[in-house]
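K.L.:
In order, the protein sequence lines correspond to chains A and B. Heads up: the first sequence begins at 649 in the numbering used here, then just goes up one per residue. Heads up: the second sequence begins at 649 in the numbering used here, then just goes up one per residue.
Take the hints with a grain of salt, since some may be wrong.
Each pair may be met inside one copy or between any two copies, as identical chains are not told apart.
As the list claims (entries may be wrong) - Under the rule of at most 20 Å between Cα atoms (straight-line distance), these lysine to aspartate or glutamate pairs were calculated in the DMTMM-like manner: (1) 738 to 727; (2) 783 to 771; (3) 689 to 769; (4) 785 to 727; (5) 738 to 723; (6) 689 to 796; (7) 738 to 704; (8) 738 to 706; (9) 823 to 788; (10) 768 to 780; (11) 670 to 707; (12) 783 to 704; (13) 823 to 771; (14) 650 to 707; (15) 738 to 806; (16) 785 to 769.
No wet-lab data here; the hints were simulated from the structure.
There are 2 protein chains.
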Amino acid sequence: MKLFDGGRAPNPRRVRVFLAEKGISVPLVPVDMGAMEHRGKDLISRNPLARLPVLELDDGTILCESVAICRYFEELQPEPALFGNSALGKAQVEMWQRRLELNFLFPVAQAFRHIHPAMKEWEVPQVPEWGEVNKPKALDFLALMDAELAQREFAAGDGFSIADITGLVALDFMKPARITIPEELTNVLRWYGALKARPSAAA
Amino acid sequence: MKLFDGGRAPNPRRVRVFLAEKGISVPLVPVDMGAMEHRGKDLISRNPLARLPVLELDDGTILCESVAICRYFEELQPEPALFGNSALGKAQVEMWQRRLELNFLFPVAQAFRHIHPAMKEWEVPQVPEWGEVNKPKALDFLALMDAELAQREFAAGDGFSIADITGLVALDFMKPARITIPEELTNVLRWYGALKARPSAAA
Chain A
649 MKLFDGGRAP
659 NPRRVRVFLA
669 EKGISVPLVP
679 VDMGAMEHRG
689 KDLISRNPLA
699 RLPVLELDDG
709 TILCESVAIC
719 RYFEELQPEP
729 ALFGNSALGK
739 AQVEMWQRRL
749 ELNFLFPVAQ
759 AFRHIHPAMK
769 EWEVPQVPEW
779 GEVNKPKALD
789 FLALMDAELA
799 QREFAAGDGF
809 SIADITGLVA
819 LDFMKPARIT
829 IPEELTNVLR
839 WYGALKARPS
849 AAA
Chain B
649 MKLFDGGRAP
659 NPRRVRVFLA
669 EKGISVPLVP
679 VDMGAMEHRG
689 KDLISRNPLA
699 RLPVLELDDG
709 TILCESVAIC
719 RYFEELQPEP
729 ALFGNSALGK
739 AQVEMWQRRL
749 ELNFLFPVAQ
759 AFRHIHPAMK
769 EWEVPQVPEW
779 GEVNKPKALD
789 FLALMDAELA
799 QREFAAGDGF
809 SIADITGLVA
819 LDFMKPARIT
829 IPEELTNVLR
839 WYGALKARPS
849 AAA
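Bound-form chain A, shown alone:
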């Protein structure tokens, strides 16, 4: 198999961090998103949505969507479990993965894509008003997360999971989106520090 990778963009990174946590090595095919290679023929033929990452299996089967690719590897190699254990544990990981993606990573990405001048060709049309509306949405969620993290070590419980990976890439993505983590969110800052200190964060 091979993984078409998109460098620093949040979704390709989610899969690389996940694989690093699992200790799984997959051959990467670098795709230069800065040069718009993800909109080229090679990629579109594999993913008509022109998004990365894309996993191609040896028989040519294509898997897209970062979380779906991660789940495939979770099924192939269940340990360490990054989607939770037990019915309730799995549901709680799904709940926090979704909350972090939909209420945090997504608004951060919208602020970046609809405001940053470098995104003009990527997000057509940019709606700057929509970008601005998303900044307080991201910060509101981070305040909620801070209260949650006062009660436990990681996003979905006391064990590291894919929800934390989504949190890590979103926190890192705040910088290009020009949103600052409020310094009073001490639990979020502790969590962020712990995530950045894991070897997988370098993936």
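Let chain A serve as the given structure and place chain B on it in line with the hints.
P.N.:
Same frame as chain A, but now just chain B:
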């Protein structure tokens, strides 16, 4: 356990359709979203994001996020499998569930929430330009889906899955969002007809 339900809104409906497909009965607590009951003390104490549905277990544990609630029931009662079988099958269901949610249900919901006058108190501030931008996004995805559905019966393969449930609620939601299914998308129309004909669609 009990399920705090939100009537006609797409996410509460996703869980009800899922439960109907599984043949599982859960006591419902109706929450009148029209009267803004989901923003009341009772709900906020269970879900600070003020969203429905919310599942409360007998020990008081709370599960939010429709797909997380569905996964909980999938784990408790695996048959019929609505999240797929085999590593690849599960990943493909996740891929299409996500694609249908993020590229179809989400833009349809944005068009509704940012344009419809009835949503003025719900979506603050409404950004009508953003709502309009989402209509062609939803239709572009539906055209892609039509090509996919020329090759198979359901969204993620030849078996019904949670991806189809997301498709059903999104297709139904096009009406209040004032987006019309183009009549040339015959595969989508065939699929929609089949989904609406299942007894679970009445849930």
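K.L.:
20 Å Cα cut-off: does residue 738 pair with residue 706 within a copy, between copies, both or neither?
P.N.:
between (29 Å within a copy, 18 Å between copies)
K.L.:
Cα distance capped at 20 Å. Does residue 738 pair with residue 727 within a copy, between copies, both, or neither?
P.N.:
both (14 Å within a copy, 17 Å between copies)
K.L.:
When Cα atoms must be at most 20 Å apart, do residue 650 and residue 707 count as within-copy, between-copy, both, or neither?
P.N.:
Intra 11 Å, inter 45 Å, cutoff 20 Å: intra-copy only.
K.L.:
At most 20 Å between C-alpha atoms: does residue 785 with residue 769 qualify within a copy, between copies, both, or neither?
P.N.:
Answer is between: at 16 Å across copies they meet the 20 Å cutoff, but 25 Å inside does not.
K.L.:
As a check of your reading, is residue 823 near residue 771 (CA-CA no more than 20 Å) within one copy, between copies, both or neither?
P.N.:
within (19 Å within a copy, 27 Å between copies)
K.L.:
Regarding residue 738 and residue 704, is the shortest C-alpha distance of 20 Å or less found within a copy, between copies, in both, or in neither?
P.N.:
So residue 738 and residue 704 pass the 20 Å test across copies only (16 Å; inside, 26 Å).
K.L.:
Check residue 689 against residue 796 for me: Cα-Cα at most 20 Å, and say if that holds within a copy, between copies, both or neither.
P.N.:
between (44 Å within a copy, 19 Å between copies)
K.L.:
Reference check for the pair residue 670 and residue 707, CA-CA at most 20 Å: within, between, both, or neither?
P.N.:
neither (23 Å within a copy, 33 Å between copies)
K.L.:
Between the shortest in-copy and the shortest cross-copy C-alpha distance, which are at most 20 Å for residue 823 and residue 788: within, between, both, or neither?
P.N.:
within (17 Å within a copy, 31 Å between copies)
K.L.:
For residue 768 and residue 780, with the copy left unspecified, which applies at a CA distance of at most 20 Å: within, between, both, or neither?
P.N.:
Result: close both inside a copy and across copies, 15 Å intra and 18 Å inter.
K.L.:
Between copies, within a copy, both or neither: which fits residue 783 and residue 704 at Cα up to 20 Å?
P.N.:
For residue 783 and residue 704, neither the intra-copy (35 Å) nor the inter-copy (31 Å) Cα distance is at most 20 Å.
K.L.:
When Cα atoms must be at most 20 Å apart, do residue 783 and residue 771 count as within-copy, between-copy, both, or neither?
P.N.:
For residue 783 and residue 771, the Cα distance is within 20 Å both inside one copy (17 Å) and across copies (15 Å).
Of the numbered hints listed earlier, those contradicted by the structure are 4, 11, 12.
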